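Residue strings, one per chain:
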Amino acid sequence: MSLDTATVRRVASLARLRVEEADLPRLETELNGILGWIEQLQAADTQGVEPMAGGGAEKLRLREDRVTDGGIQQQVLANAPDRADVFFSVPKVVE
Amino acid sequence: MTAPTDYTLAGARAALARREISATELTTAHLDAVAALNPRLNAYITVTPEAALAQAAAADAALAKGEGRALTGIPLAIKDLFCTAGIRTTAASKILGDFKPPYESTVTSQLLRDGAVFLGKANLDEFAMGSSNESSAFGGVENPWKRQGDDSVLVPGGSSGGSAAAVAARLALGATATDTGGSIRQPAAFCGVVGIKPTYGRCSRFGIVAYASSLDQAGPVARTVEDCAILLGSMAGFDPKDSTSADRAVPDFAAAVARGVKGLRIGIPREYRVEGLSLEIDALWRQGMDWLKAEGATLVDISLPHTKYALPTYYIVAPAEASSNLARYDGVRFGIREEGADLKDLYERSRAAGFGPEVTRRILIGTYVLSAGYYDAYYVKAQQVRALIKRDFDQAWGQVDAILTPATPTAAFGRDETQDDPVAMYLNDVFTITANLAGIPGMSVPAGLDSKGLPLGLQILGRPFDEETVFAVGGAIERVAGFTATPSVRAAA
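Taken in sequence, the protein lines are chains A and W.
One gets the working numbering by counting positions in the first sequence from 1 and adding 50 to each.
One gets the working numbering by counting positions in the second sequence from 1 and adding 171 to each.
Don't take each hint at face value.
To be verified - Cβ-to-Cβ under 8 Å is the rule here; a few derived chain W residues that face chain A:
id: 1; residue: G434
id: 2; residue: R436
id: 3; residue: S474
id: 4; residue: T478
id: 5; residue: I507
id: 6; residue: V551
id: 7; residue: A553
id: 8; residue: Q554
id: 9; residue: K561
id: 10; residue: V594
id: 11; residue: M596
id: 12; residue: G610
id: 13; residue: S659
id: 14; residue: A662
id: 15; residue: A663
Said to hold, decoys possible - Far from chain A, some chain W residues (derived; all Cβ distances over 12 Å):
id: 16; residue: E191
id: 17; residue: A241
id: 18; residue: P273
id: 19; residue: S280
id: 20; residue: K412
id: 21; residue: R444
id: 22; residue: K464
id: 23; residue: L497
id: 24; residue: A524
id: 25; residue: V660
It is worth saying that the hints were derived from the structure and are not from the lab.
Owing to the predicted nature of the structure, the values given are computational and were not obtained by experimental measurement.
A virtual CB, placed ideally from N, CA and C, is assigned to each residue, including glycine.
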């Protein structure tokens, strides 16, 4: 599988990364280099193998469904690049 | 008299307990060394002298009252991937801007609980993605080691290059680090120091900037195996704030260091004799086998047949997780913002301005392998191969107690010798990456010098949650190897 320019543009949009048109050919070459190398994985026989999700063998724990944190509005907002009162601010989304 | 910066961590602890040196003197000596050498080495992104001296004064007060704890007064470097309350945390990326975490990571809070002094935040590859520390937005780190008769700048390895260089150059007695594919063990080997990545789940990931959550593990870097054991004893332990944290007692790692290897079965995996392995590293590996045999261990040839798939597996799993983890950097809640015509444009411009080229590549690869139509062919396939790599190890533990391999395929390389090909850079992690995929502990111990005078490391892999055997084997190699070489750029040299 090999990426064309349109796919690189689409993936960048999905990833919310602005890519300049001039950088697309370089990225296309680099990504295809990496994906071409990854392709060797297809040679591994994985018939019937359960995919391994997560890094540990231990089962994830369940905890009681109750509030354990909160009331730290100012701390949550402290690093915001732009805020209005107790809200994060963003460009107008709804007309 | 020993220069204060030349103490081992254990030695400094004993000297502090005997009041031969005060924590303030020890911290001041390290801060002076950092001031003198960091402009050149760039091992620290942020130095926090005032906070360090305040912590040292508190340590002296505790010691005077006989209330010293495991690390009271010990100056450490903290990889700038650990959130430190009120102190800028960058992940070596521009995107975090002047981010000052309102909370402390669990690992660093445990070090503080035990009395440690934090000198500052150590440099790393951006978001811990790299093997040379060159992807840092704050510039590369210089390896304090030089080839004989050659002054060219070598890389310290990565991603924990600042941690390893700081410890090697005597700018800290120890450091925190993290390892997602080799980021503790490879820089430790390149800088002639000891580093251990413990079992997945041993150290809490809470408050560590996430790269690939199913692979990331915190661990220490220090100048001796015992010093690493002391640090890991403080860093490890169950934390309800990390759902993957293991609810297990923390053993006395330091007690295991002197245990010896008599009767242990040490596996030698034939698949690690890779093409292009340097002859010197192959010779060191054989030397390591001979040492362990002479110390009473039995060598066992083993096979880990899926080893060849480990790197490509990693370069699907890690970017996939990274693309998801790094979605949080959106220019809205923290970090830098670039204004845009609308919200999507703001996201795209902020992220493009904040992320460097390697991070961008991995986000794009990760987004692609998770996208509709490719998920099964790439991501599920990689998870299946990961299961096979883990199964290889599970089967090996029936035959052996630990595994010995080289830590890296080469010694440290030059900054100007870095390949432009991303894939060539990825090959640095060929020996270390399997431990992350399988979730097992791995240590790198300096064991010798190459013909140009650069340090080389051996790697010890162990069963899940059996770091003690890894410490025992590492301790034995350290004693027999008698590695006493020091880098040419160091404090008090």
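Here is what the structure says about each hint:
The criterion of a C-beta within 8 Å of any C-beta in chain A is not met by W:G434, whose closest approach is roughly 26 Å, and the hint is violated. Against a cut-off of 8 Å between C-beta atoms, the interface hint on W:R436 is violated, since the closest Cβ of chain A lies about 22 Å away. The beta carbon of W:S474 is not positioned within 8 Å of any beta carbon in chain A (closest approach about 15 Å), and the interface hint is therefore violated. The closest approach between the C-beta of W:T478 and any C-beta of chain A is roughly 11 Å, which is over the 8 Å cut-off, so the hint fails.
Residue-level restraint check for W:I507 holds (minimum Cβ-Cβ distance to chain A is 7 Å; threshold 8 Å). About 5 Å separates the beta-carbon of W:V551 from the nearest beta-carbon of chain A, less than 8 Å, and the hint is met. Satisfaction of the interface hint for W:A553 is found here, the shortest Cβ-Cβ separation to chain A being roughly 7 Å, below the 8 Å cut-off. With its C-beta approaching chain A no nearer than about 3 Å, W:Q554 sits inside the 8 Å limit, and its interface hint holds.
Proximity of W:K561 to chain A holds as hinted, the smallest CB-CB distance being about 6 Å (cut-off 8 Å). Satisfaction of the interface hint for W:V594 is found here, the shortest Cβ-Cβ separation to chain A being roughly 5 Å, below the 8 Å cut-off. With a least beta-carbon distance of about 11 Å to chain A, the hint placing W:M596 at the interface is violated under the 8 Å criterion. Of the supplied interface hints, the one on W:G610 holds, with its beta-carbon coming within about 5 Å of a beta-carbon of chain A, less than 8 Å.
The closest approach between the C-beta of W:S659 and any C-beta of chain A is roughly 36 Å, which is over the 8 Å cut-off, so the hint fails. Among the interface hints, the one on W:A662 is violated; its C-beta lies about 35 Å from the nearest C-beta in chain A, farther than the 8 Å criterion. The criterion of a C-beta within 8 Å of any C-beta in chain A is not met by W:A663, whose closest approach is roughly 39 Å, and the hint is violated. The claim that W:E191 is not at the interface with chain A holds, since no C-beta of that chain comes within 12 Å of its own (minimum 42 Å).
Remark: the non-interface label on W:A241 is consistent with the geometry, its nearest Cβ contact in chain A lying 26 Å away (cut-off 12 Å). Not every CB of chain A is more than 12 Å from the CB of W:P273 (nearest about 4 Å), against its label as outside the interface. Every beta carbon of chain A lies more than 12 Å from that of W:S280, the smallest distance being close to 16 Å; the non-interface claim holds. In this structure W:K412 is not separated from chain A by more than 12 Å, as the shortest Cβ-Cβ distance comes to only about 9 Å.
Remark: the non-interface label on W:R444 is consistent with the geometry, its nearest Cβ contact in chain A lying 19 Å away (cut-off 12 Å). No Cβ of chain A approaches the Cβ of W:K464 within 12 Å, the least distance being about 31 Å, so the stated non-interface status holds. With a minimum CB-CB distance of about 9 Å to chain A, W:L497 fails to clear the 12 Å threshold, and the non-interface call is violated. For W:A524, the condition that its CB be more than 12 Å from all CB atoms of chain A is violated, with the nearest at approximately 8 Å.
Every beta carbon of chain A lies more than 12 Å from that of W:V660, the smallest distance being close to 34 Å; the non-interface claim holds.
Violated hints for the displayed structure, listed by number in ascending order: 1, 2, 3, 4, 11, 13, 14, 15, 18, 20, 23, 24.
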